[in-house]
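Chemist: Each chain, written out:
Number of protein chains: 2
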Amino acid sequence: MSTLDHHQILVLLLALATLLGGARILGEIARRLGQPSVLGEILAGVLLGPTVLGWIAPAANEFLFPQIGANALVMHGLGTFAVVLFLLVAGMEVDLSTIVRLRRSAAIIGCLSWLMPFVIGAGLAFSVPVAMGREPDADTLTFTLFFGVAMSISALPVIAKTLMDLNLYRTDLGMMVIATAIFLDLIGWTIFAIVLGLMNPSSANATSIAATIGMALGFAVLMLSLGRWAFHRSLPWVQANTSWPAGVLAYALTIALLAAAATEAIGIHAIFGAFLAGVALGDSPHMREKARRVLEQFVASVFAPLFFASIGLRVNFVTHFDPALIAVVLGVACLGQIIGGSYGARLAGFPPRHALAIGFALNARGAMEIVLATLAMQAGLISERLFVALVVMALVTSMLAGPAMQRILRRRKPSRLIDALSGKMFVTNLRGATAEAVIRELVTTGAKASEKLSADDANRAVLQREHIMPTGLAHGIAIPHGRLRGLDRPIVIVGMARRGVDFRAHDGQASQLIFLVLTPENAAETQLELLADIARTFGERGVSKAALDCQSFTEFVAILNTGSAPQAARVATRVVTAPP
Amino acid sequence: MSTLDHHQILVLLLALATLLGGARILGEIARRLGQPSVLGEILAGVLLGPTVLGWIAPAANEFLFPQIGANALVMHGLGTFAVVLFLLVAGMEVDLSTIVRLRRSAAIIGCLSWLMPFVIGAGLAFSVPVAMGREPDADTLTFTLFFGVAMSISALPVIAKTLMDLNLYRTDLGMMVIATAIFLDLIGWTIFAIVLGLMNPSSANATSIAATIGMALGFAVLMLSLGRWAFHRSLPWVQANTSWPAGVLAYALTIALLAAAATEAIGIHAIFGAFLAGVALGDSPHMREKARRVLEQFVASVFAPLFFASIGLRVNFVTHFDPALIAVVLGVACLGQIIGGSYGARLAGFPPRHALAIGFALNARGAMEIVLATLAMQAGLISERLFVALVVMALVTSMLAGPAMQRILRRRKPSRLIDALSGKMFVTNLRGATAEAVIRELVTTGAKASEKLSADDANRAVLQREHIMPTGLAHGIAIPHGRLRGLDRPIVIVGMARRGVDFRAHDGQASQLIFLVLTPENAAETQLELLADIARTFGERGVSKAALDCQSFTEFVAILNTGSAPQAARVATRVVTAPP
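If you read the protein sequences in the order shown, they are chains A and B. Just so you know, our numbering puts 153 at position 152 of the first sequence, and the rest follows in order with no gaps. Just so you know, our numbering puts 385 at position 384 of the second sequence, and the rest follows in order with no gaps.
To be clear, the hints were calculated from the coordinates, so they are not data collected in a lab. It is possible that some hints are incorrect.
Claimed, not checked - When the alpha-carbon atoms are kept at most 30 Å apart in a straight line, the in silico DSS-like pairs for lysine-lysine are as follows: (1) LYS162/A - LYS291/A; (2) LYS291/A - LYS546/B; (3) LYS449/A - LYS414/A; (4) LYS291/B - LYS414/A; (5) LYS425/B - LYS414/B; (6) LYS414/B - LYS449/B; (7) LYS291/B - LYS162/A; (8) LYS414/B - LYS291/A; (9) LYS291/B - LYS291/A; (10) LYS425/B - LYS546/B; (11) LYS453/A - LYS414/A; (12) LYS291/B - LYS546/B; (13) LYS291/B - LYS546/A; (14) LYS291/A - LYS162/B; (15) LYS425/A - LYS546/A; (16) LYS453/A - LYS425/A.
To be verified - What the simulated footprint calls covered on chain B by chain A, stretch by stretch (three residues with Cβ under 8 Å from a Cβ of chain A suffice, anywhere in the stretch; the number is not a length): (17) 17 to 23; (18) 256 to 265; (19) 278 to 290; (20) 526 to 540; (21) 550 to 556.
Said to hold, decoys possible - Pair ranges (Cβ atoms, derived): (22) GLY70/B - GLN379/A: 16 to 26 Å; (23) SER235/A - ASN168/B: 29 to 39 Å; (24) VAL222/A - ALA328/B: 54 to 64 Å; (25) ALA61/A - PRO286/B: 34 to 44 Å; (26) ARG294/A - GLN36/B: 27 to 37 Å; (27) LEU336/B - GLN379/A: 55 to 65 Å; (28) ASP6/B - VAL222/A: 21 to 31 Å; (29) GLY35/B - LEU34/A: 53 to 63 Å; (30) SER235/A - ALA60/B: 22 to 32 Å; (31) ARG294/A - ASN168/B: 25 to 35 Å.
Note that the Cβ used here is the ideal one computed from N, Cα and C, for glycine as well.
Isolated chain A (complex conformation):
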């Protein structure tokens, strides 16, 4: 029986650890800089792959990521499993009922934002295929179709995330963007399936090509009608009669793997089946949110980073970096999509500013484009030059979407407590016995840490507010606050008074956890958002109790970030000395 030997297992473990760890670290850095984490994940692969590590220390690169042999095969197998799971999860985000509900407007916007980049892209690819990066042996028609799809595809997960960040997800504008993105995804993947069918080596003649395409379309229709019906019917049974959530997870994965195998057998790629399975399963009203979340979180935390980091491993991003091609690809993609999307939105009745925002939102290509490009390169359709250009385009358009929408709509992300805190403005042992004394202590701490803050001004503003109406909430929380001229950003100073201070909370309880919220004078909304965030987070009894037990600022921030208290001691705390 073929097995990995000792050395190969060691290499496999080290490769997985480096990829996963590296992808996470750079992904977090990207997130910190306000960029999508997929940017950092790919960068990790670029650093570990031929581009950087292969150039600085070729032996280390060859040791960790051998290009041939058992380890390359295992990584490819794992990558296939990862991308199947990723597309399953992406498919589950598609909610067919949204598109049905908004079908008229979504169809107008969708057609235009699909046609525009598709036609420009396909035209260019057809006229100068080699310059655009067609592989010498590849067929021009197939390449043309692919290039059109690559220009017009959209990235539902990135778009949804961006809309949520800007608090736009549940607005008319947000729903319309989502419906259109679903529309684009469905068209895009269907045409891409045809592209793959055209490339299938076994389909040498027109008849078999037609058969492949027919089977692909037939499979899609079957999955979204009969399959969807059967899954929706059987899901309650599975959730009623199998162990939870293992049963429904295994059910979803088995269906996804079988659907992936079916599309692979037809001659189009496995991901097409996984995506369709996700769509058919995910929009069932019976699918439990909890099961979806376990799948989503594990895939997003482990499989997606592994997959995207491995993208960076494939190609040397420096030698294949072609600025001219990148400029053309970026230009076609952005112009086509933004103009098409905005014009469509105008036709559908959106005002100009909103229409432009919709165009920028749809312009994000994200992970989907990268999956597409990877498959096309693996299939020998596109050159490494074009692959790099498509990856760069995907990243740039995704990075643009958020900031552009923010500017166009004059939106800003809601202020969050976690961003207004600082380790220097955190007092674990307030000594004051009255509200006034405690407020004085807090503003003094704040003034020491920030030059912008005058302790006296702050004290006056907060006391004034406090006298109008006391700020003690239930569960021992108090939120004294005030607005200050001269501040340029909100500041929250946190203090703990373990013995409790009377902030005249309506439940009569003394306050132990005190948040002093100072905001710029003209930022009324910011103040409200911060107060609401504090009340929401610490309204739960367990969370405020855990916060009082914090030994350090880091532990305190961890509670905010995870929204949960550290685990209770898992065993009974009473000490058992003598057995019964």
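Since the structure of chain A is provided, determine the placement of chain B on it from the hints.
Modeler: Just chain B now, kept in the frame of chain A:
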């Protein structure tokens, strides 16, 4: 670059789908029969492997699970990743503070329940190694050590699960069993690491063997001291500063993979490092329960079934089934562990009945034994005969533990609502307008479905109870109930009265969801358990509301089983026709 071809990807997807689907289906059947699901998971592999499918349809078996080539390598790689994750999760269950707290008694019980089976097993293996299943080329001393470990290892996850099922987990007896099992695991895995060190082909002489063992022990000490300290220190930082829960999951996995690589490099198996990483990480008070649960649920739902099913694929369980060897292995394992454990518990002061229960609890070998046996067979230390015997022993001892403890302690599993329901006793449209009329409808439905039930008797008993004190709870729930002579098991009849019926709930709300609970006359506890289960489950507003929306009995049971309502429509429900 080595990649899987089209056919290999197809086979990989089909193999994963069959293994995962088969493992889940048989795992669920096993669970239904009150057996551990690992039994069904292994059985799925036996059915799909050489034992059954390879015998009935060798071509199909060879197609799905080729023994040589790329697919075998990928499956081995995936299996390695799966077992590393499984041991990480198993390690995370170990709570070192429990064993420290109960160290005196746990050490007494642990030493005896470890020594007894170890000494008998090792003695037997040393005297008649070939008969016991040593591979011809293997070293007798190594084999002896291994056999001793195989007899004395314990299975923390199975044991914890059994104790929880019987509501014993948080009792003195339960805690003592857990502490002892941890003790046994730590000793067992350490000796097994030494066994693997002895077998390392590069350590041909005594010096290098000593070096391997020294490094293994050194690594363990390092992980549990310095490593544990560093992880505990850094966890709050990770949870405060990275995206949640992706950051902490990637952190845990990266550490586990690196630790696995380290032990693999030392010359002992990767799982040893993963297990130690789990122990070091898992008992941190900072580790969030939510992150642990995502990891645990995904591993238990996907990776563990894949791994255990693949166990069944390895060997022909029929041709290598040796009844005599199985009897000897089972006898030594059970006698040694039960006598050792019970005697130790007596010495530690437990009364005889409790001591015997402790012996049976520790006797469960579960998944750990199977992991051990798999590694030993892969390493060429034991024959397939002994492998089969050890797997059978692991399954039998695990299946014994629960029922034996139940009998010895005269415990029973608490009654649950889900087990007392039946599709025939489910009325979605009660017509009655008063409590009396509704009760009459429910008992009539019950009497139709069960011969044991007399509608008149039930009606009388329930009304009598109802007159003493009304049974309307908050949120529109009512639980009329009564005890009946002649019933042999509890019956719950569920009815929905959408217009609401007055059961005189203290919140003044009319009851819409009515549970009629009938229990045998002498089963006071059963009644309380059922009432508590109903009140707990439907006390949540969302759950009781969702229950009223159920169209079928299956949907209703799904709510109970998953403890959650179906997902709310994911998009705003207002219909957007005209854009702003």
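Chemist: Run every hint past the structure and note whether it holds.
Modeler: Do the hints match the structure? See the list:
1. Between the alpha carbons of LYS162/A and LYS291/A the distance comes to roughly 19 Å, so the proposed pair stays at or under 30 Å and holds.
2. Proposed proximity of LYS291/A and LYS546/B is supported: the alpha carbons are some 18 Å apart, at most 30 Å.
3. A threshold of 30 Å between alpha carbons decides the hint, and for LYS449/A with LYS414/A the separation of about 28 Å falls inside it, so the pair holds.
4. Restraint check for LYS291/B and LYS414/A: the C-alpha separation of about 26 Å stays at or below 30 Å, so the hint holds.
5. Note on LYS425/B and LYS414/B: the hinted pairing holds, with a Cα-Cα distance of about 25 Å set against a maximum of 30 Å.
6. A distance of roughly 28 Å separates the Cα atoms of LYS414/B and LYS449/B; the hinted pair therefore holds under the 30 Å criterion.
7. A distance of roughly 22 Å separates the Cα atoms of LYS291/B and LYS162/A; the hinted pair therefore holds under the 30 Å criterion.
8. Restraint check: the Cα-Cα separation between LYS414/B and LYS291/A comes to about 26 Å, which is no more than 30 Å; the hinted pair holds.
9. The suggested pairing of LYS291/B with LYS291/A holds, with an alpha-carbon distance near 12 Å, which does not exceed 30 Å.
10. Only pairs whose Cα atoms come within 30 Å are accepted, and LYS425/B paired with LYS546/B is accepted, the gap being roughly 22 Å.
11. Among the hinted pairs, LYS453/A with LYS414/A is consistent with the structure: their alpha-carbon atoms are about 23 Å apart, no more than 30 Å.
12. This hinted pair checks out: LYS291/B and LYS546/B have alpha carbons roughly 26 Å apart, not beyond 30 Å.
13. With a C-alpha separation of about 18 Å, the suggested pairing of LYS291/B with LYS546/A holds against the 30 Å cut-off.
14. Proposed proximity of LYS291/A and LYS162/B is supported: the alpha carbons are some 22 Å apart, at most 30 Å.
15. Taking the CA atoms of LYS425/A and LYS546/A, the gap is about 22 Å. The hint holds against a cut of 30 Å.
16. Between LYS453/A and LYS425/A, the direct Cα distance comes to roughly 14 Å. Compliance with the 30 Å bound is thereby established for this hinted pair.
17. Coverage of the region 17 to 23 of chain B by chain A holds. Counting CB-CB distances below 8 Å, 4 residues qualify, and the rule asks for three or more.
18. For the region 256 to 265 of chain B, the proposed coverage by chain A is satisfied: 5 residues have a C-beta within less than 8 Å of a C-beta in that chain, meeting the threshold of three.
19. With 5 residues bearing a CB less than 8 Å from a CB of chain A, the region 278 to 290 of chain B meets the requirement of three and the coverage assertion stands.
20. Figure legend: the region 526 to 540 of chain B, annotated as covered by chain A; annotation inconsistent (0 residues with Cβ-Cβ distances under 8 Å, at least 3 required).
21. Figure legend: the region 550 to 556 of chain B, annotated as covered by chain A; annotation consistent (3 residues with Cβ-Cβ distances under 8 Å, at least 3 required).
22. The hint said 16 to 26 Å for the Cβ distance between GLY70/B and GLN379/A, and at roughly 20 Å that hint holds.
23. At about 33 Å, the beta-carbon gap between SER235/A and ASN168/B stays in the expected band of 29 to 39 Å.
24. Between VAL222/A and ALA328/B the Cβ separation comes to about 58 Å, which falls inside the hinted range of 54 to 64 Å.
25. Between ALA61/A and PRO286/B the beta carbon distance is about 38 Å. The supplied range of 34 to 44 Å therefore holds.
26. ARG294/A and GLN36/B have their C-beta atoms about 29 Å apart, which keeps the hinted 27 to 37 Å range intact.
27. The hinted range of 55 to 65 Å is satisfied by LEU336/B and GLN379/A, whose Cβ atoms lie roughly 58 Å apart.
28. Here the CB-CB span from ASP6/B to VAL222/A is close to 29 Å, well matched to the stated 21 to 31 Å.
29. A hinted range of 53 to 63 Å holds for the C-beta pair GLY35/B and LEU34/A, which are about 54 Å apart.
30. One distance hint, 22 to 32 Å for the beta-carbon pair SER235/A and ALA60/B, holds here, with the actual separation near 31 Å.
31. At roughly 29 Å, the beta-carbon separation of ARG294/A and ASN168/B lies within the given 25 to 35 Å, and the hint holds.
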